Amino acid sequence: MLDYIKSYLDMNATPGQAGNVFWATVYIFVVFGGVSVAVMAMNWLERKALAHFQIRLGPMRVGPHGLLQPIADALKLLTKEDIIPSEADKFVFWIAPLIILCASFTVYIVIPFGPTHAITDLNIGILFMLGVSSLSVLGVVMAGWASNSHYPLIGALRSSAQMVSYEVAMGLAVVSAILMTSLNKTGTGTLSMIGIVQAQQAQQTWFLFKFFPLGFIAFGVFAIAMVAETNRAPFDLPEAESELTAGFHTEYSGLRWSLFMLGEYAAMIAVSSIAVTLWLGGWMRPFPNALAGETWDLVFSLFPGFTFLALAVFCFIGVARMPKHPYFRIQTIGLAGFGAVLALIGLILFAPPVRDRIFDIYWFCIKVAGFMYLYIWYRATFPRYRFDQLMKVGWKVLLPIAVGVLILTAVMGVIF
Amino acid sequence: MTDPTTYLSHLELGQPDKTFLDSNELIINMGPQHPATHGVLRVILKLDGEKVLGTECVIGYLHRGVEKIAEHRTYTMFNPYVDRMDYVAAVSNGLGYCEAVEKILNVQAPPRANYIRVILAELNRLASHMLWLGTHALDIGAMTPLFYTFRDREEILKIFEKYCGARLTTHAFRIGGCQYETYEGFEDDVKKFLDFVPPKIDEYEELLTTNRIWVERTKGVGYISGEDCIALGVTGPVLRASGVKWDLRKAQPYAAYSDFDFEIPIGQNGDTYDRYIVRMQEMRQSLRIIRQAIDRIPEGPIMAKIPKVIKPPVGEIYHSIEAPKGELGYFIVSDGSTQPYRIRVRPPSFVNLQALDLMVRGQLVADVIAVIGTLDIVLGEVDR
Amino acid sequence: MAPVATTFFFYFLSGLAVLGGILVITRKNPVHSALALILTLLAVAGLYLMLYAPFVAGVQIILYVGGIMVLFLFVIMLVNLDKSAKEDQFNKQWLVGMVAAAALLGLFMAVYLKGKYLFPIQEAKLPEQSNVQEVAVSLYGNYMFAFEIASLLLLVAIIGAVVMAKKRI
Amino acid sequence: MAEETKSPAPPPDPAAGKPSGSVEPVPPANQASPSAVPKPAAPPPAAAKPAAPAAPAKPAGPVPVPWDSPLVASLKRTYGSGIREASTYLGQNYMIVDSAAVMDVLKILRNEQEFDYCVDITALHYPQREKQFDLIWILYSFARNERIRVKTEIAESDSFPSSTSIWPTANWLEREVFDMFGITFEGHPDLKRILLPDGWKGHPLRKDYGIIQQDKEWVQINLGIESGQ
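Protein chains in written order, with the numbering used here: chain L, 612 to 1027; chain Y, 57 to 440; chain X, 4 to 172; chain A, 9 to 237.
These are computed hints drawn from the structure, not numbers from a lab. All of these numbers come straight from a predicted model, not from anything done at the bench. Fair warning: there could be bad hints in the mix.
Pairs of lysine-lysine, BS3-like flavour, derived with a Cα cap of 25 Å [as the list claims (entries may be wrong)]:
| hint | chain 1 | residue 1 | chain 2 | residue 2 |
| --- | --- | --- | --- | --- |
| 1 | A | Lys139 | Y | Lys124 |
| 2 | Y | Lys275 | L | Lys1003 |
| 3 | Y | Lys124 | A | Lys209 |
Sample of chain Y residues at the chain A side, in silico, Cβ under 10 Å [stated by the list, open to error]:
| hint | residue |
| --- | --- |
| 4 | Lys124 |
| 5 | Glu272 |
| 6 | Gly276 |
| 7 | Tyr279 |
| 8 | Glu283 |
| 9 | Trp302 |
| 10 | Pro354 |
| 11 | Gly356 |
| 12 | Pro357 |
| 13 | His375 |
| 14 | Gln410 |
Computed Cβ-Cβ distance ranges for the label pairs, DEER-style [stated by the list, open to error]:
| hint | chain 1 | residue 1 | chain 2 | residue 2 | range |
| --- | --- | --- | --- | --- | --- |
| 15 | A | Pro205 | L | Ala683 | 38 to 46 Å |
| 16 | Y | Arg129 | A | Thr192 | 24 to 32 Å |
| 17 | A | Trp208 | L | Leu686 | 54 to 62 Å |
| 18 | Y | Leu224 | A | Trp208 | 50 to 58 Å |
| 19 | A | Thr192 | L | Trp988 | 52 to 60 Å |
| 20 | Y | Asp391 | A | Gln228 | 31 to 39 Å |
Every residue gets a Cβ at the ideal spot worked out from N, C-alpha and C, and that includes glycine.
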């Protein structure tokens, strides 16, 4: 048994490929747990960042700087009364959030956090991701219809139209990235997520910069479409609070509502992961070609530890700035403790065995976090599109651009 | 509540375009509990998909019978009540009421009082427009301007608070002038504010004026022509954005407005974007007026000679001012007693709201929100 | 990786597909029917996976479940179907239906009994690693003409739909 | 109120300051500008000293003075005694018109005299009078920068023609008058209560409307107490 467990560690494949059920299970738990924690962190971060964009403080009461706010929110939502409208279609109403949640979590099966850090590697990986993430629109439609109310219905109609429309542009942008994998005489193309990153590794470039500016444009199309796909500002029409109160989940409350939120944030992280994998070199560290060599590898592998240490220092600065008042004592101690934990993690990350294993995961997560920050930034800056304008952007702007880029990429691929 | 369909009795909506799917129209109740109806406005929308076939406003949820109350109060006692109508522009409401009563008494507020009134009323116009901008932008989906405008509106409210102790329902003026002399440092505060706020207005404009989504959401939305405005009695920035250069401060100057040099910004297209631009320019013009007023504020008494018991002679008077939202009129009928026989308030929001139906027909649900925002209504004033 | 519990999954997925099919025709509520159809489609996608055709399975999910069924639901929600919900589902043409079902049953029986001779057993290739390439070569190589014909047909259908749906051209 | 010395400035001739067709109004021509109003006499001692009985010694406030203008003259020529009174009070012009003629007068004001903006429609209730209601239109002309009030007396039973066909803005204003006074307008597209709920009893702005009774009744029915006062 132990051998069975250990045998995987020496292998150079994902647990799914190795057929190692134990490690696959561990990975599934780790990934799903990690995603759930990331969603909570994202929740806190969004509220804090948005607040600072808007000259306010955001959550400050629950825990130091509101660090425990997501937990408090989760507890509140869990204990809230779960209301099902009496005229609602009970079964559909009940199953809709589950579908969204399942769809957005299943996607994580194929996300490559590192060359071996994925639950499994499907040879239709990217297709699988697009397919499964397109299932979440079903949940939205069902939720809107089952609520038996006008606002959710309009929200559902909007979102189904929106998600189906933007999937087209998104798919075409993805295809042009996939085309790049097979080019440059590096072998045949692939749909596998790990294969795509390996292709970038082999070509010594991120696809973002390949066939400049084609990769860049395709990435742009995807970056816009993915915001629309996840119903986030400025494309948050299905849940436009000023128009449709809360869109398709108007009638939901408590736990079920929190499942929607969980699904939404998980989907945001998932599509950002796709973008990172396809265009930003996945787990590769920055400047793989310009700053190559052993020394640079070492320098970049020290980044994770330093990041955590920096966060710890940030916490300690916060501790120093805490008001010296008995009322704040617990908060101060909590923040100091949090900083200490972060510092400890940072120190552990300097250890060579850990460092080598964690290095690629770190770069992947950092890139995804960048996208998450963009999501917040959009939300703070942009007004909301109107429905017809949204459709216009999707069909008349993004789609032609995506088709054009696709054709040009194919031509470039044949020429070079 | 009554079934919404019975409310639609008068809506001559015509048949929606028949499609192959024979999609039937949807009737939606927007409000009274809705985040974007600015209070308790209830709009019944008749939709074909997302297209608005017709609307009907149901108002009165905030009706307090102000006009009836007036009949049972003396002129002085009624003064604070007017602040509660348009509670975001309480100073303007008070100004209109005090001037109307002064007119029927045939007295004249002293010049210094008039200057103080102009300064406060223009500050209030700024505050009202800032609140409008923040909520309007929030309705269209831009969250951030709301917090910026509230930050800057706060400075105005601080001045109000220092002047008269109240922030929102100020009751700043009295019949015959002002009760309070300006506080120590009033001029400095106002001057500081005048330097503080122009960059902030630039900031709002930077966020919105050239923002593509903002322009697309507002250009061509909620169009109303100047003729329609006049026919529907729509006044204020909405009228001016439709190209009619009419502002009571210029047309029939009251208080000290004839002393100041300012422009009436107008728009050409009569759409939501023009109304936005007009209001933004009005904010700058208000600053101009305040600057002139604070520089030239005369010394002297702040209260005219007014009898202790206000007992206007028998007669009636109509007086109106340019409130931030349009023409705010007071029609006072006196029977010679201490209590008005009747006070009629001509609320700009109420009359402007009538234009909603015309402005949103044939547009989308999202535009209804934009148009409600751009009309800048305050339900306290609509319902009184 | 060796397949696990193939038989179980085959019967499980087939059972799901059949169950979904039955639900589609027995549910009175059209939305429920559509959801049952989605169940069937997903089960069939699973069967494709078992046949080592992951590309087809993925496309099945993207196109049918993510696209077409969403449009179905879209239309069902827009159209007022209260009347049809009250109607009896098996009232008309049941005789014709029976005959058709019997004919189909006969066909299945014939294939089951005589299939061995008609379609000789052939060990299928398991192109797991290069599935997409195989499909592409078939579509754009061997069956180029048929593929183009199909796409032309679809184009005609699209234009027809636009012409019919648009109020003013 | 006798004719006294202190009268406001006489109304200037509207024709003098009348721009031709420009949209931008000129500064007020007939609206007595604040500086033009003569300083009022000392505050009416009548309020402070009600004992003073001598009528001539009582300094009356401003009084209405007849309003002469081509507009009034032409209207009077057409309607004769239909125009009962045309006066200026504190610089504000108003005319009292017979209820039979008022719709025609309004139409003429709108169509021929450029009073294209109906500022307000409201009513007054005088329970002692035979014709209990005063109906008032406040009109404004952008071209002339001039305001007038048109007043008419109607009885409760009268059903009065609606002016929505003249000014669309009259729609809600008339609904409010109906809501508050119970005056019905014939030909109004949708005459129903606007500010009060549909089931409301009575019309609150009438002088004989009892607030206390209404309140008592409500608390007796809904709260089961004797009085809310």
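Status of the hints after comparison with the structure:
This hinted pair checks out: A/Lys139 and Y/Lys124 have alpha carbons roughly 21 Å apart, not beyond 25 Å. Simply put, Y/Lys275 and L/Lys1003 have alpha-carbon atoms about 16 Å apart, close enough for the 25 Å limit, and the pair holds. Restraint check: the Cα-Cα separation between Y/Lys124 and A/Lys209 comes to about 15 Å, which is no more than 25 Å; the hinted pair holds. Interface hint status for Y/Lys124: upheld, as the beta-carbon distance to the closest one in chain A is roughly 5 Å, under 10 Å.
With a cut of 10 Å, the hint placing Y/Glu272 at the interface with chain A is violated, because the nearest CB-to-CB distance is about 30 Å. At about 23 Å, the closest approach between the beta carbon of Y/Gly276 and any beta carbon in chain A exceeds 10 Å, and the interface hint on this residue is violated. Using the Cβ-Cβ criterion of 10 Å, the hint placing Y/Tyr279 at the interface with chain A is not satisfied: the shortest such distance is roughly 17 Å. With 10 Å as the threshold, the beta carbon of Y/Glu283 comes within range of chain A, its nearest partner Cβ sitting at about 9 Å, so the hint holds.
The criterion of a C-beta within 10 Å of any C-beta in chain A is met by Y/Trp302, whose closest approach is roughly 6 Å, and the hint holds. Checking Y/Pro354 against chain A: minimum C-beta separation of about 15 Å lies over 10 Å; hint violated. A least Cβ separation of about 15 Å between Y/Gly356 and chain A goes past the 10 Å threshold, and the interface hint is therefore violated. The criterion of a C-beta within 10 Å of any C-beta in chain A is not met by Y/Pro357, whose closest approach is roughly 14 Å, and the hint is violated.
For the restraint placing Y/His375 at the interface with chain A, the shortest Cβ-Cβ distance is roughly 9 Å, inside the 10 Å limit, so the hint holds. Residue-level restraint check for Y/Gln410 holds (minimum Cβ-Cβ distance to chain A is 5 Å; threshold 10 Å). Distance hint check for A/Pro205 and L/Ala683: the Cβ-Cβ separation is about 42 Å, which falls inside the suggested range of 38 to 46 Å. Checked against the hint of 24 to 32 Å, the C-beta distance between Y/Arg129 and A/Thr192 comes to roughly 30 Å, which is consistent with it.
The beta-carbon spacing between A/Trp208 and L/Leu686, approximately 47 Å, falls outside the hinted interval of 54 to 62 Å. The given range of 50 to 58 Å is broken by Y/Leu224 and A/Trp208, whose C-beta atoms sit roughly 30 Å from each other. The beta-carbon spacing between A/Thr192 and L/Trp988, approximately 59 Å, falls within the hinted interval of 52 to 60 Å. Taking 31 to 39 Å as the suggested C-beta distance range, the pair Y/Asp391 and A/Gln228 conforms, at roughly 33 Å.
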